[in-house]
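Trainee: Listed below are the residues making up each chain.
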Amino acid sequence: MMKELMMSFALLGLAGCTAVQIPSDRLEHSQASIRGAEEVGANGVPAARLHLQLAKDQTDTAKRWQRVARSGRCWFLARAESDAELALGLAREVSVHQDALKAAEDLKSVRDRGTN
Amino acid sequence: MKIRDTSLFASIVLAGLMSGCATTAPPELVQARTSFTTSKQRIGGQAGTYELHDAWTVLAKANKEFDENGDTTMCRDYAYIAQNKLELADVKARTELDRQKIAEAVKAGVRGPGQPGEKHQSRAFLDPRAAQGRTA
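If you read the sequences in order, they're chains A and B. Reminder that position 2 of the first sequence reads as 2 in this note's numbering, one-by-one numbering, no gaps. Reminder that position 39 of the second sequence reads as 155 in this note's numbering, one-by-one numbering, no gaps.
EDC-like cross-link-like pairs, simulated, lysine to aspartate or glutamate; straight-line CA separation at most 16 Å:
1) A:63 / A:28
2) B:180 / B:144
3) A:102 / B:220
4) B:217 / A:105
5) B:223 / A:106
6) A:108 / B:220
7) B:223 / A:105
8) B:217 / A:106
Facing chain B, according to a computed beta carbon distance under 7 Å, are these residues of chain A, among others:
9) 75
10) 99
11) 103
Just so you know, the hints here were simulated from the structure itself, not pulled from any lab data. All values derive from a computational prediction rather than experimental measurement. Note that beta-carbon positions come from the ideal geometry of N, C-alpha and C, so glycine has one too.
All chains should be built: construct the whole structure from the sequences, respecting the hints.
Mentor: Here you go:
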């Protein structure tokens with residue numbers, strides 16, 4: 001009886017240990033998205049910077065919550081990922097939009113020269 | 117009799133209030149539902165469709181969570197993520213339109229990828245989807 005009880009406690013302890021580990025792939029994905037957004041210049045775009053900061057804050061919160069329920073941390077990481085991806089998209093949009101404006105300008109000037 | 121009527125009335129009011137609370141969707145969910153309708157109309161079959169579908173999947177989970185358990189943290193989290201994905205779908209659709217303009221200029225021979233002195237140009241063309249746009 002005592003042996004069974006000890007085994008149960010051991011199993012519970014083991015389950016507890018697995019529950020406090022941060023899912024590394026989720027954390028890496030979240031951090032990679034944040035780095036990607038920074039590299040594309042998200043800090044220079046106000047809307048992107050806001051989502052980037054949210055992503056960082058939520059990733060930090062997920063790390064701090066290492067000893068709380070696993071599902072809670074996963075949710076923070078999921079929110080962080082979505083914010084980081086949006087920051088990346090917003091930053092890239094600004095970059096591409098600037099190119100598009102320049103391209104349209106160039107195209108117009110070439111066409112104007114062609115008609116003259 | 118009068119006490120019985122009063123308590124019956126109070127019970128009905130209380131039940132009404134409780135059902136009212138239970139059926140009020142959180143603002144995150146309401147916003148995500150509205151944004152989905154708007155984005156779906158705006159994007160249609162353009163770029164950003166994948167993100168739109170992704171957002172729809174997450175929004176469906178938020179709706180399911182709300183139907184089954186009401187205004188929970190999980191429901192709000194799903195709605196928040198769906199909202200971000202919807203915004204991303206809109207962003208990608210707009211970016212694709214810009215890429216088409218760039219591709220048009222490249223096709224006309226006006227400009228090529230990575231022209232010197234243009235720091236944003238090379239970055240935009242690093243994206244594989246931009247490369248597809250150039251060949252289009």
